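Following the hints, complete the assembly by docking chain B with the ligands onto the known chain A.
What follows is the residue order along each chain.
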Amino acid sequence: MATATRFRTLKDMPSDEYLTPGNTMCAGCGGILAVRIFHKVLGPNVTWVNAAGCMTIAVSYPLSPLKSNWIYTAFASAPAGAQGVRDALDVLMAKGKLPASEDMKVVVVTGDGAAYDIGFQSAAGAIDRRLDFYYLCYDNEAYGNTGFQMSSSTPFGSASKTTPPTAANPIGNTHRKMDLFEVWRAQNAPYVATLSNSHGVDFLKKVEKGGTIRGPKMYIDFAACPTGWGFDPKDSIELEKLAVQTGIWPLKESVDGVVRHTVVPRSLLPVKEYLTKQERFAHLFEPTERTEAIRTIQESVNSYWAVAGAKEGFAVKAAEVT
Amino acid sequence: MMLRVRFHGRGGQGAKTASRILGDAAFNDGFNDQDFPIYGAERRGAPVAAFTRFSDGDITERGFIFSPDIVGVMDDSLIEDPLANPFAGLRKGGCAVVNTTKPSGTLLPDRKDAKIITIDLTGMALKMLGKPILSSGIAAAVARVAGVSEGSFLKAVADELREVGLSEEMVKKNVEFAMAVYGELAPLTLRTEELPSKLELVPLAVVVSGEGMEDVTQTGNSAVRHTGNWRTYRPVIDYRRCTDCMICYAYCPESAMSVGEDGRVRIDYENCKGCMICLTECPLKAISQSGERGLQ
Ligand code: SF4
Ligand code: SF4
Ligand code: SF4
Chain A
1 MATATRFRTL KDMPSDEYLT PGNTMCAGCG GILAVRIFHK VLGPNVTWVN
51 AAGCMTIAVS YPLSPLKSNW IYTAFASAPA GAQGVRDALD VLMAKGKLPA
101 SEDMKVVVVT GDGAAYDIGF QSAAGAIDRR LDFYYLCYDN EAYGNTGFQM
151 SSSTPFGSAS KTTPPTAANP IGNTHRKMDL FEVWRAQNAP YVATLSNSHG
201 VDFLKKVEKG GTIRGPKMYI DFAACPTGWG FDPKDSIELE KLAVQTGIWP
251 LKESVDGVVR HTVVPRSLLP VKEYLTKQER FAHLFEPTER TEAIRTIQES
301 VNSYWAVAGA KEGFAVKAAE VT
Chain B
1 MMLRVRFHGR GGQGAKTASR ILGDAAFNDG FNDQDFPIYG AERRGAPVAA
51 FTRFSDGDIT ERGFIFSPDI VGVMDDSLIE DPLANPFAGL RKGGCAVVNT
101 TKPSGTLLPD RKDAKIITID LTGMALKMLG KPILSSGIAA AVARVAGVSE
151 GSFLKAVADE LREVGLSEEM VKKNVEFAMA VYGELAPLTL RTEELPSKLE
201 LVPLAVVVSG EGMEDVTQTG NSAVRHTGNW RTYRPVIDYR RCTDCMICYA
251 YCPESAMSVG EDGRVRIDYE NCKGCMICLT ECPLKAISQS GERGLQ
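Going line by line, the protein sequences match chains A and B. Per the numbering used here: the first sequence = residues 1 to 322. Per the numbering used here: the second sequence = residues 1 to 296.
Just chain A, with the same shape it has in the complex:
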């Protein structure tokens, strides 16, 4: 289904800036880049509702990099906060106290800690109530703000503060990354999408599309984290690209439960090309290569794409399992 879009190339990215320079996120942070691009599509009238995470520090009194509004909530309750803002706007407009031109888009912004773990139930509640809002999770796959402890989003094989590789458990995290996209889809959220900053046009189009849908619009952005993942900030976009090209981060959307992959790699790059570029996976290669663990990761990626391809009718050449 092709819908009209104003985004065909990166040059179409709106030039209006709603994020001023001088924020306090780490140099090269994918999370703040996601907020910047997201905001460009939404335009000026936005209220951000934040749950504790790295982004909380980006807006630290008395300085804010946002030209729009910003509300903190407790870790667990950003969607509840968003409900309050949405209701207040609706009531004021219904009473004629706020002109419709001053209506705002309400956007929850959280890290994966709040999205996958601590704020999970309040997001579920908001989906259940069909709250008309955007939900943006910048997913850096751990609790980055407090020193990179494992979350339900941390991938298999990743080291973290709480899953260090040890003699007894040399591979780090043994859990698989939770599939939040599917969880939200199962709750009948009308729009769920994954994003990668590295695929800017796909990103812009998905935020644009969300604007045509009433109800909860859920986004998970793959947000490279130089500090937590251990790589040079200059490679943030390259790593995000690699995550897509290896098939580790599928770009897709679900409209009323129907899933479509929006970027389909013809043939997958080996996951090794992605893993070896980050310190959080270094123990899988040094001092001895953890062949078994790497194979597990490669196999799960290959089988993901085989299943997705069979459902949607595309073919992806799997990467060799070594």
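Watch out, some of these pointers could steer you wrong.
Stated by the list, open to error - Straight line, CA to CA, 25 Å or less: simulated PhoX-like cross-link-like pairs of lysine-lysine:
1. A:Lys-277 x B:Lys-172
2. A:Lys-311 x A:Lys-209
3. B:Lys-131 x A:Lys-161
Stated by the list, open to error - Reference listing, derived: stretches of chain A covered by chain B, where coverage requires no fewer than 3 residues with Cβ under 8 Å from a Cβ of chain B:
4. 7-13
5. 18-31
6. 58-69
7. 227-235
Hints are computed from structural coordinates only; laboratory data are not their basis. Predicted model, so just to flag it, every value in this text is computed and none were measured. C-beta: ideal position from N, C-alpha, C; glycine also.
Frame of chain A, contents of chain B with the ligands only:
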């Protein structure tokens, strides 16, 4: 006798580790010690400080060190940074060890009562470690000046760096780096002023919200933070090569790039953090990097 040392660095340079190494080294020499960092709400690149006290007697002082005998400054851009203010409270007769390529006379002209020692730690670290991580280097410089013995110091470097999880190879390189720095300097006899033990009350200025300071209704005002001083390298656009494709602009996480009326991309050096994403992503290799503060 007690020595109070304050380290100033940028997040990621290793100020906290430096304070631990120094504390551990003094402990190995038989002193009592304390070491601890202060964190602001900021990240890699932002100003941070860490403290070490050591003494042959009991240490009854607690809390941040406002009147250090020695300050270790890991980045000379901090000198101008009001958030860091690294020489604040430095005692008469005290010493500042500064990582810089600038001549020592230019750094603190109005403090004839303090000794300034300069050393190009960044240059040495890039050569010996391959990256500008300075914890063992600044700790070595301060330990040497303070008269900590070499054996105790090198043991502390290895112990502390192992504890933060460095590989054996990096530990070895750091020990070599620390030895080189230690060898460059000589111990000083510091005779710093004693301060009256009774503290004076400092009257606080009354701050009216909205006057002289931003209030909560202010938005988009972060540019005054000047995150440009987080940079080690600056990106430079070669406009003869640039085709205005806007890719760098799209991917700058800081909004530190803007498009001028002539359609050309410009970099706001006041706040560009030097992440170098623009350099990596430019398809025409029209962006190069140039070292800040005398780096290559
Ligand atoms: S820790 Fe990671 S996610 Fe958090 S601000 Fe730094 S780079 Fe961004
Ligand atoms: S170095 Fe980073 S912050 Fe500076 S202009 Fe380039 S992308 Fe932006
Ligand atoms: S990416 Fe390179 S060519 Fe494109 S606008 Fe930036 S500097 Fe110019």
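To test your reading of the hints: which numbers does this structure violate? none
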